[in-house]
Amino acid sequence: MEQAYKELLKKYNSLLEENRRLKTELALLKGEDGLSMPESETATELSSSTINKYSSSKEKINLFRSLFKGNKRLSRSNYPKEGTFKIADPLTSEAIIPERDESFFTHSVAFMVHTSDVLDFANSTDIDVKIMHFWCDDLLPVLSVDAKTGRVETKKASAMTVRVDDNYIFENVKEALSLPGEWYLDRTEQKLYYIPEEGDTVDNTTLYAGMTEQLITFTNAQNIAFQGIDFINTDWAHVDGTHSGNPFPESHPLYKNIKYGTPHPQAAFEVPAAILVSASKGINFTDCLFENISYTAVKFENAAQNCNITSSKFNEIGANAIFIHGDFVVPATTKNINIKDCHISYYGRIFNNAIGILLTHAIDCELSNNEIHDGWYTGVSVGWNWGYSDNPTNNIQIKDNLIYNIGNGWLSDMGGIYTLGVQPDTVISGNIIYNVGCDEGAYGYGGWGIYLDEGSSYMTVENNLVYDCSSQTFHQHYGKENIVRNNIFAFGGEGQFIVTRQEEHNSLTLTNNILVGDNTVMYNHSVKKDWFVDDSNLYWDYKNGGNVYSGDSTKLFERNTLVIMTARGYYNNAVLEDPLFKDAANRDFTLADNSPALKAGFVPFAYDAGTITQF
Numbered sequence: 001m002e003q004a005y006k007e008l009l010k011k012y013n014s015l016l017e018e019n020r021r022l023k024t025e026l027a028l029l030k031g032e033d034g035l036s037m038p039e040s041e042t043a044t045e046l047s048s049s050t051i052n053k054y055s056s057s058k059e060k061i062n063l064f065r066s067l068f069k070g071n072k073r074l075s076r077s078n079y080p081k082e083g084t085f086k087i088a089d090p091l092t093s094e095a096i097i098p099e100r101d102e103s104f105f106t107h108s109v110a111f112m113v114h115t116s117d118v119l120d121f122a123n124s125t126d127i128d129v130k131i132m133h134f135w136c137d138d139l140l141p142v143l144s145v146d147a148k149t150g151r152v153e154t155k156k157a158s159a160m161t162v163r164v165d166d167n168y169i170f171e172n173v174k175e176a177l178s179l180p181g182e183w184y185l186d187r188t189e190q191k192l193y194y195i196p197e198e199g200d201t202v203d204n205t206t207l208y209a210g211m212t213e214q215l216i217t218f219t220n221a222q223n224i225a226f227q228g229i230d231f232i233n234t235d236w237a238h239v240d241g242t243h244s245g246n247p248f249p250e251s252h253p254l255y256k257n258i259k260y261g262t263p264h265p266q267a268a269f270e271v272p273a274a275i276l277v278s279a280s281k282g283i284n285f286t287d288c289l290f291e292n293i294s295y296t297a298v299k300f301e302n303a304a305q306n307c308n309i310t311s312s313k314f315n316e317i318g319a320n321a322i323f324i325h326g327d328f329v330v331p332a333t334t335k336n337i338n339i340k341d342c343h344i345s346y347y348g349r350i351f352n353n354a355i356g357i358l359l360t361h362a363i364d365c366e367l368s369n370n371e372i373h374d375g376w377y378t379g380v381s382v383g384w385n386w387g388y389s390d391n392p393t394n395n396i397q398i399k400d401n402l403i404y405n406i407g408n409g410w411l412s413d414m415g416g417i418y419t420l421g422v423q424p425d426t427v428i429s430g431n432i433i434y435n436v437g438c439d440e441g442a443y444g445y446g447g448w449g450i451y452l453d454e455g456s457s458y459m460t461v462e463n464n465l466v467y468d469c470s471s472q473t474f475h476q477h478y479g480k481e482n483i484v485r486n487n488i489f490a491f492g493g494e495g496q497f498i499v500t501r502q503e504e505h506n507s508l509t510l511t512n513n514i515l516v517g518d519n520t521v522m523y524n525h526s527v528k529k530d531w532f533v534d535d536s537n538l539y540w541d542y543k544n545g546g547n548v549y550s551g552d553s554t555k556l557f558e559r560n561t562l563v564i565m566t567a568r569g570y571y572n573n574a575v576l577e578d579p580l581f582k583d584a585a586n587r588d589f590t591l592a593d594n595s596p597a598l599k600a601g602f603v604p605f606a607y608d609a610g611t612i613t614q615f
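Take 1 as the starting number for the sequence shown in this note's numbering and just add one per residue.
Careful, some of the hints might be misleading.
[Unchecked claim] Restraint-style ranges between C-beta atoms, simulated for each label pair:
#1 330 with 460: 20 to 28 Å
#2 208 with 504: 53 to 61 Å
#3 588 with 440: 23 to 31 Å
[Said to hold, decoys possible] Lysine-lysine pairs mimicking DSS-like chemistry, simulated, CA-CA at most 27 Å apart:
#4 130 with 72
#5 174 with 81
#6 340 with 281
#7 156 with 69
Since the hints were derived computationally from the structure, they do not count as laboratory data.
A virtual CB, placed ideally from N, CA and C, is assigned to each residue, including glycine.
With the hints as extra help, turn the sequences into a complete structure.
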């Protein structure tokens, strides 16, 4: 029976290969005749779902992009070894595929790099190039590299406009193979190159090539529980549509009018999930390990309800650790998804613009007591509707999470916690957020602690400790009637607090907070009357004392003094005294019993956010 199965499978794989060959020939012929090829006929990259232990070596070796030793993901050989290179010229005149909004979304298939940064690559088609820009990264298979001119062509178009000085790196480069634990796959020679780590021998070392991309799909399932299960070591492929698509149906008014265009390159939105829970109820994970997952680890979608992930660990995740996604309908049908006591670390390792916990268009969810750290982009993101139109998202509790080492200088426009759109009854409370850092290059901006983006409204932000962010510790782009109270905002690199758009309504109320800096502004921009309401906050600058400034900088002609800001209606009932932290320099924000912050109505809270899960 097994032999018969092998023969049939061999024949099946042979037919698949012939099918792919014929499709390629057909595409070429049609291209020569100027004919367009229907999408249903386009050749696609072979999926690992058709590959198993009986597949040919050629099929296997052309696929895997992940290599493991035990539970450790081994590093592909990258170039440069540290840091990034810079794009020299995007070739806007000859290599652009037009899109609706050409300011951000012109999709390039070629660009120039500095010739000093290019090697004479032996196998350029084995290489992937990763480009980082704004809030998006591109992971593109290379078609060719011209070492003499610096011209790079890719097999897939970029998601966003490629610009001079964008960061990029090459991955899977034979010439860069140099460090223990690195590997390179030569698909032409069908050889795997690996530099042994200390103690590795041929006899005692087993390497595992990733072959499986997706593990489990639940559809219309109910009441299934996993406890103490390890989900590990999955592979990935270049995903068509990874950086494109739209969160709205074509009938929705925002389908064609999303600010910055219609593609959806944020948050690794289109990356598949290793575990997909669709239209299912009561699917629960407890004490589970998700490690070396190359795509999104777990996704709940399509009216998934009453599901929980509790006391579980996510480590070395290729895209989003957890994605809760609902259809754009009001009221939302995806609901009651709770993520509690989990430890999420080193996410977005392959698709860098991924998020620790991403929630779009869902209601009545709790994201609490999680520890989230070392991602290239936002820690927790909730909402996902631009502006003030109807949003399915509401009543999301983002509470008592420990979020740190976010961004790490690769991308821009991010937050420890990021929200988007109107979402009544959403509460951000008891979180500790620190070390949020955006790209420091020419186009870099926006490493914020708590970031209420476009249209975020009717939310409460309270009892949070936020410090050491590259931009401001708190940012509201624009929104309505948010309450920001009893928080500590400290040591923002560009200031403590910013509202970037004046509107005809109250944006937020800032009350009973502590804002401290070290020769940085309290409020960024020269805010005028009625941008927001502040009352009974403590302000202190460790260099300037109670002589606090607002404006674009603390430089003499770019700052607004306390007198100016008071005349504009700010600093109402302000307390301008040292809050008496136990050790602000070493980031111990414990308040003395006689802290002047108490006069501002500040109520001390415990700094104990984060998971209790131990691994």
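List of violated hint numbers, smallest to largest: 7
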